[in-house]
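Student: For the protein sequence lines, the chains are A, B and C, in the order given. Note that this note's numbering gives residue 70 to position 70 of the first sequence, counting from 1, and the numbers run on in steps of one. Note that this note's numbering gives residue 789 to position 516 of the second sequence, counting from 1, and the numbers run on in steps of one. Note that this note's numbering gives residue 1151 to position 63 of the third sequence, counting from 1, and the numbers run on in steps of one.
Read the hints as simulated data drawn from the structure, not as lab findings. These numbers were taken from a predicted model, which means no experiment stands behind them. Quick reminder that beta carbons are idealized off the backbone N, C-alpha and C, glycines included. Where hints are given, some of them may not hold.
[What the hints assert, rightly or not] The list that follows gives simulated cross-link-like pairs (lysine to any residue, SDA-like), each with its CA atoms no further than 20 Å apart:
| no. | chain 1 | residue 1 | chain 2 | residue 2 |
| --- | --- | --- | --- | --- |
| 1 | B | Lys314 | C | Gly1098 |
| 2 | A | Lys26 | A | Ser237 |
| 3 | A | Lys26 | A | Tyr6 |
| 4 | B | Lys573 | B | Asp325 |
| 5 | B | Lys314 | C | Thr1237 |
| 6 | B | Lys1060 | A | Tyr6 |
| 7 | B | Lys1005 | C | Thr1237 |
| 8 | C | Lys1233 | B | Asp325 |
[Said to hold, decoys possible] If you only want the chain B side, here are some residues facing chain A, beta carbon under 8 Å, derived:
| no. | residue |
| --- | --- |
| 9 | Thr982 |
| 10 | Leu986 |
| 11 | Glu1051 |
Take a look at the letters that make up each chain.
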Amino acid sequence: MNPITYLRPGSVDEATRLRADFEEAKYLSGGHTLLPSMKQGLARPSHLIDLTAIPGLRGIAVEAGDAALTIGAATRHVEVASSADVLRVVPALAGLAGSIGDRQVRNRGTIGGSVANNDPSADYPAGLLGLGATVVTNQREIPADEYFVGLFDTALEPGEVIVRVRLPVPLAAGYAKFRSAASRYSVVGVFVVRTPQGVRVAVTGAGEGGVFRATALEAALSANFSAEALAGLSIDSGALLRDMNATPEYRANLIMVMARHAVNNMGRVSMYK
Amino acid sequence: MNDRLLKTTNPGGSPLINERLFKSIGKPLQRKEDQRLITGKGRFTDDFSMADQTWAWMVRSPYPHARIVHIDKTAALAMPGVLAVLTGADCMQDGLNAIQHSPVPSTQYDVKLRGPGDTPVFTGQHYLLPVDKARFVGEAIAMVVAETRDQASAAAEAVEVQYEELPWVFDSREAAKPDAPRVWEDIPGNVLVDATFGDIEGTEKAFAAAAHVVTFKSHVGRVTGVGLEPRAALGHYDADGDAYTLYAGSGGAVRQKRELADVLGVDQKKIRVLSFDVGGNFGTRNRLYVEAGLVLWSSKKVGRPVKFRAERSESFLTDYQGRDLVTDVSLAIDRDGKFLAMRAHNLSNVGSVLVSLSPLGKGSGLITGSYDIPLATLRAQAVFTNTMATQAYRSSGRPEVTFAIERLIDRAALQIGMDRVELRRRNLVKPDQMPYMNAVGSTYDSGEYEINMDALLELGDFAGAEARRAEAQSRGKLLGIGFCNYVESSIGTPKERVDLIVHADSVEVVIGTQPAGQGHETSFAQVAADVLNVPFEQVFIIMGDTDVVSAGGGTHSGRSMRHASTIIVLAAEELVMQGRKIAAHVFDVAVDQLAYDDGVFRCLYDNRAWTWFELAAKAAAAKLPPELAAGLRVRFDNEMHTPVFPNGSCMCEIEIDPETGSLEIKRYATIDDVGRCINPLIVHGQAHGAIAQGVGQAMWEGCHIDPATGQPLVGSLMDYGMPRFDNLPSFKNEIAEVLSPTNPFGVKAGGEGGTTGALAVIMSAVEDALLPICGVIEMEMPATPLKVWTAIQEGRKRQREKSPARTDARPEVTA
Amino acid sequence: MTIVSMRVNGVEVSREVPDNILLAYFLREELGMTGTHVGCDTSQCGCCVVHVDGVSLKSCTTLAAQVNGCSVSTIEGLANEGVLHPIQKAFAAMHALQCGFCTPGMMMSAVDLITGHGRPLTEEDVREGMEGNLCRCTGYHNIVKAIITASHEMHAGAGDAQAA
């Protein structure tokens, strides 16, 4: 790993100042993507600015009337997975968090880190996009529909810090994922959300441009929220990823299968091995 | 505990083997080695450090095949902390020799592999660093030594290597073609072995007359060992004593010492190799790695100890790899289902340099499997390719040929419309045929194959499988039932040495095997304890340091328990003779007036008697004549050439979700005839791990290469699917003990049988599950969900377009 | 360079180290505690699992600086004054280790899983909960048995898993 200087600011302002001071600096949260990348020489920051010690970046709150859930950026996956609040208002999100990586990864990894990294196979992007979340930074609020731009690419400006995410509480949500035998990341993950305004379906692991909404499925499910409504639909494989795990055609099939399982498992997570 | 009555006892006839007195042998004793390993006190290579130690980092080829035009060290040498940058030219200048791997199996029981036209086998030259070309992605081209590992790594990036890219080939079938890119210019093509065995004329006649001919072709793909301890080596050159010390986990320190002495051009006495706890071997660490030589050589150059530790990504590229065999087999069968003859053509991919032909050779002697096939011919070929070298990998060569014969028989059963168990039953080698010489000249020592098979079918509840299939079907799942028999061989290096030393309170056994988790400190102590009739707790096994272990064959090919138990009892016989002489001297009686029985020396005409420990104490206090001065200590060298043939049967059930193609193992059962089982706790553990390793290859593992670029696609555990907690079931295993007549205890081997059948049994189950939709499948391992789903789509398409290739009684599952 | 201080198995330690040193190497190379192993570069294998402030994590994917001021427990601290921990006893009794390289991380993960569960574990609990650890030798069969056994000893009186 290249030499670094480790910094541990006590405030977001201090963090952004440090980030501005050092061109090659990176923010560090749980570190479970960044540190492996550094070990492999894929990332070579000069400074790591650890955000996890900043007061106020960690924690889970439910807004009055259960309208929305707010999760601090430095909140670890294990905390979301086991939060009584999350389990009460969006159990599928707790399940999603509890399905990331493994026990030790969940003890370190944070929602902010995952969302900032926007790995095309990560789970949280599907959760945020599906729920129609808002990413709150030190500068602004970004709707999830505008936030996830592409593979490992987001609407964040250099130096911008995610402070928290705000997730509207839906009528119900469900998540189903099919994992890679090796990496355990999602080959396809489908997060289905019912809201008073209609159904949102977010797909991770599959798209050439990262997480995306499956609008045809949303329309069908908005008209008739049942697994049967998905029968006869298919996904265009044109913009889907090809790798060792899956062809675009196989991913298209998995999206339909996982969507059906998510619909049948609203309130829960289904994992397919 | 022991699942089958012993049929013969004490086949070698040693007076020291008395089954009635066994206190340790056959018992599931807890391992002696565990105490240190469960408390964090293991001694793995990277746990050792030396004062003033420096770090090595390798500059590795990014190309599968490239000429090394020029290497510029200047920038790297100017980097902070850098002590040396070394290249192949430096190796040449210092007169380093290529590694002598002794790659061609050479015991009288090995099949004789020869080059094309009956020429000697060309091996290539495995220098520590190449001068001329890089021949695979990841090959070490230069080495940087620096004060810290980070500095060495950073400087390695600054070494400027000018390459000229060359055409490459990674697939063995392509490499065998005359116009393929040549890995070595020294020989006309890439084919280094081309040998044919068996009765060609008789086989052809049998095929011509057969009622049925069945064929099967497949490629058993490339995998890697993934021992969880990454390779490491710590080398030190001591200028004062002109001596080298190497810490490096391996499959046998003595071999490493010998080969390093050759490479460095120094006397073996000048090299000490220490190999203590080894974090997984499975064959990958049996052969010398270039880094072991490089740390020693560079230590002399920089005047300080040098340490190398591989990243996991380096291990994926540069650990010796396994399998990679293309097999094409056919079987001639008469109208009653009796096998008449077999033809096989096996093509082994040895990689860029020849490290071992064990996989090809071992498999060659076993192509007919557990079956009485009177005639067979085999063409065995090996080719060089631009890939990492292959080496014996758990059950070297046998899983491949077991896969071939067993899948062939499954196919034959379908083709001729006979039950697959019944077809096997009609052709299994029978106990009264033992010892049985197969059609390619291997002589199976003992075994009760049909009894094993029936016991397995009961253990796995084969009879209940169809009901389970129906139940799975009601849940929309396709259940597949896999079944196979296997026989393998254990040969290995024929020589072993033991030092047996009795102290006043302990017995030391110094031996040249090298476990990587097989529990030698325990099972060998069980043997020594019972042979000498001393407490198990007071026996200590010493291994791994060439200053103590002067000779020995290491651990591979399932040789260790057989060699150790044999040599311990033979040495103990000598030790008894030595003990009687010492006792006679100490107690002032004639030797013939001293008897030895069950651990006690007894004077025949009075009541005096001494145990081993009492005698050792007396001997230590006594002044012994020169010929007895060594005390209760013998050194014994033994050679044992005759192979043994562990065998067994396995069954598994797999559920496939036809919507996703995902597979889940629901049931896995084996019967393994290991000969005498010294410690069933350990042998069962070996079976579990061996199964997982074979299942891994069948379901998840593969060192895939991008056909467009020749680049390995697998560089980490993010890409290489492993057996895991949640993708394996608990197993049902039983041990059969049909003793081998070839050695005193009747030991066969227990470490590899689980792997040997696993490839065949998993793919048998996959085919069985998909049969109603796909008919027989041409699916190469690993059977990933993608491949299974794709096969289902294609099968359904065929079904829609026309009647299926073959009808089957079972209806397709509808979700 | 930075000064990192922590309490390791109850002992305060402090070292001046490069900022990029990982916790695993801080333990192994600075403190000489070589029981914690490193088996991969990608936080997959779990050989490096230790506890930080009572929670299991992968020390090969954590900078020592990130746990500055924390309390770290390693395999070396699992036995208490020479008395083996129930997980250690179970691993030896059930032959849940072969080469022993994965074993320290395996046991540290298992202890966290068991203590976090509140009652004895089922086979399914273990096979899911241990997903962050790989073993290449045992096929997991005996590890599963050992962890279940240890969970019963550690939760003696808490009722068995079937009743839960």
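Student: Against this structure, judge whether each hint is valid.
Tutor: Taking the hints in turn, this is what the structure says about them:
{"no.": "1", "hint": "B:Lys314 - C:Gly1098", "verdict": "holds, 18 Å"}
{"no.": "2", "hint": "A:Lys26 - A:Ser237", "verdict": "violated, 35 Å"}
{"no.": "3", "hint": "A:Lys26 - A:Tyr6", "verdict": "holds, 10 Å"}
{"no.": "4", "hint": "B:Lys573 - B:Asp325", "verdict": "holds, 14 Å"}
{"no.": "5", "hint": "B:Lys314 - C:Thr1237", "verdict": "violated, 23 Å"}
{"no.": "6", "hint": "B:Lys1060 - A:Tyr6", "verdict": "violated, 46 Å"}
{"no.": "7", "hint": "B:Lys1005 - C:Thr1237", "verdict": "holds, 19 Å"}
{"no.": "8", "hint": "C:Lys1233 - B:Asp325", "verdict": "violated, 44 Å"}
{"no.": "9", "hint": "Thr982", "verdict": "violated, 14 Å"}
{"no.": "10", "hint": "Leu986", "verdict": "holds, 6 Å"}
{"no.": "11", "hint": "Glu1051", "verdict": "violated, 18 Å"}
Hint check: violations occur at hints 2, 5, 6, 8, 9, 11; the rest are consistent with the structure.
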